[in-house]
Amino acid sequence: MGAGHAHVLYRESTSPVHRLPPEVKITAMVLFTVAVVATPREAYWAFGGYALLVAAVAALARVGPRWLLGRALIELPFVLFAFALPFFGTGDRVEVAGLGLSVDGLHGAWNILAKGTLGVLASLLLAATTTTRDLIVGLDRLRCPQVLTQIATFMLRYLDVLVGEARRMRVARVSRGDDPRFLWQLRGFAAGVGALFLRAFERGERVYLAMLSRGYTGRMPAVWQGAGAATAGQWAAAATVPVIAATIAVVAVVLT
Amino acid sequence: MIGYVQQPPSLDVRGVRYAYPDGHVALHGVDLTVPRGDRVALLGPNGAGKTTLVLHLNGILTPTEGTVSVGGLTASRDRDTLAEIRRRVGIVFQDPDDQLFLPTVAEDVAFGPANLGLRGAELAARVDEALAAVGMSEHRDRAPHHLSFGQRRRVAVATVLAMHPEILVLDEPSSNLDPAARRELAEILRGLPVTLLMVTHDLPYAAELCTRSVILDAGRIVADAPTLDILTDEPLLAAHRLELPYAFNPHTTPHP
Chain A
66 MGAGHAHVLY
76 RESTSPVHRL
86 PPEVKITAMV
96 LFTVAVVATP
106 REAYWAFGGY
116 ALLVAAVAAL
126 ARVGPRWLLG
136 RALIELPFVL
146 FAFALPFFGT
156 GDRVEVAGLG
166 LSVDGLHGAW
176 NILAKGTLGV
186 LASLLLAATT
196 TTRDLIVGLD
206 RLRCPQVLTQ
216 IATFMLRYLD
226 VLVGEARRMR
236 VARVSRGDDP
246 RFLWQLRGFA
256 AGVGALFLRA
266 FERGERVYLA
276 MLSRGYTGRM
286 PAVWQGAGAA
296 TAGQWAAAAT
306 VPVIAATIAV
316 VAVVLT
Chain B
7 MIGYVQQPPS
17 LDVRGVRYAY
27 PDGHVALHGV
37 DLTVPRGDRV
47 ALLGPNGAGK
57 TTLVLHLNGI
67 LTPTEGTVSV
77 GGLTASRDRD
87 TLAEIRRRVG
97 IVFQDPDDQL
107 FLPTVAEDVA
117 FGPANLGLRG
127 AELAARVDEA
137 LAAVGMSEHR
147 DRAPHHLSFG
157 QRRRVAVATV
167 LAMHPEILVL
177 DEPSSNLDPA
187 ARRELAEILR
197 GLPVTLLMVT
207 HDLPYAAELC
217 TRSVILDAGR
227 IVADAPTLDI
237 LTDEPLLAAH
247 RLELPYAFNP
257 HTTPHP
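So the sequence lines, in the order shown, correspond to chains A and B. Here the working numbering is used: the first sequence runs in plain steps of one and ends on residue 321. Here the working numbering is used: the second sequence runs in plain steps of one and ends on residue 262.
Simulated from the structure, these hints should not be mistaken for laboratory data. Errors might be hidden in some of the hints.
[Claimed, not checked] Over the 10 Å line for every Cβ pair with chain A, so calculated as not near, a few chain B residues:
1) ARG42
2) ARG93
3) LEU106
4) GLU144
5) HIS170
6) LEU234
[Stated by the list, open to error] Here are the in silico distance ranges between beta carbons for each label pair:
7) B:ALA131 x A:GLY113: 51 to 57 Å
8) A:ALA237 x B:GLY29: 33 to 39 Å
9) B:ARG148 x A:ILE216: 18 to 24 Å
10) A:PHE262 x B:SER82: 33 to 39 Å
11) B:GLY78 x A:THR282: 22 to 28 Å
All C-beta atoms in this analysis are idealised placements derived from N, C-alpha and C, irrespective of residue type, glycine included.
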């Protein structure tokens, strides 16, 4: 059926960023985001510095700006709220193109937009250079609770199975003349979602039985985590990004 | 057999009765012995209790009455006994998507032996050996959902082979396979040096692989004879909702 071969976010490549172990990249991404968020919003130059940093990593990872900015549109629904702030904010107002805008609101909007965009770009870079499987391995090596990594593992494995089932059910429904175009025609779809949930539930039971049959006792055997963990050199190489970001943040805090 | 060291049979089911919690009796006293190295087909219509019997073989279900012994070890609720029984009985479930739940083939094959406590080189050797036995070595790092259905079923066989089972139990091994995949699986199964119990209503497949067949119907063993004798006994087959496929003549098939 050819389903499941497409990686939505991952970009196949052998760049230096791709070759870094996942736990290193996850840590760098999180620390970078923390530095960005901790920066005072009035330190405009600092955000320019962060943007340059993101651009440098993107270039190193051979991820093009078009790809990156296209995927970054995902944040739009989340920052729409930011555009309302200048209109509804209180306090001093400035006149821009005939509109009376709140200074405080403008700052707030800028704050959300700049920090949100930088965070999304950093996450996209991580996703573009690390396969989903490696992300889970990385989280596991960072001592993320096993329950979470196991749930993620199951999701990774069964998402395609579920999507396939949903697609087959939809084709079967449409083949029998169902053509939901309007909200009030969604009955078939809603029943399908229910059926899909039941199927997923039953599959969960069967998967668990099959796991029991192979000696599962409630804990995943820790087998593969040890191999290929990051070296000190790799940690140091990846640390450059959060170190520069932290420096910018500290300087920004001191100056403002 | 006097003068020979008597080996315990791979599987010895004695008087197994089972009633579901709702009172429905699924098995009415099943007796079945499979000597070591034999290949036996367990035939029966849908709803005969085949799957219920299979779940008794490795202690997922506990009989209301009767015993199940595997290679001389009688199943009980005791944890260690249960773990050993589950090692000795390798069940390949009907849907490989239920069996293969980890992101890569090699990890999934390693799951069983890792549950047995194997690690490192020993574990890797088990995985290599099991994948080689089903001809899937070159796919070890692929995701199960990227494999064809036949390949997935072969990997499912490997996941239990890696545990070095005393007996391999296959639930409808030929279902959903195209003719070539079906033949390839038969060739692999014929070459495995293990005891085999094949649950199926695919009568030609039973004739191809098993010298002996038993019919389970309404929770009872109603026939136990050489496969060819059973397949040529039309009244017997008809009485238990079994039929030979159109244009299939058991008289002309070569002996397995």
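Here is what the structure says about each hint:
no., hint, verdict
1, ARG42, "holds, 21 Å"
2, ARG93, "violated, 6 Å"
3, LEU106, "violated, 8 Å"
4, GLU144, "holds, 18 Å"
5, HIS170, "holds, 12 Å"
6, LEU234, "holds, 32 Å"
7, B:ALA131 x A:GLY113: 51 to 57 Å, "holds, 56 Å"
8, A:ALA237 x B:GLY29: 33 to 39 Å, "holds, 35 Å"
9, B:ARG148 x A:ILE216: 18 to 24 Å, "holds, 23 Å"
10, A:PHE262 x B:SER82: 33 to 39 Å, "holds, 37 Å"
11, B:GLY78 x A:THR282: 22 to 28 Å, "holds, 24 Å"
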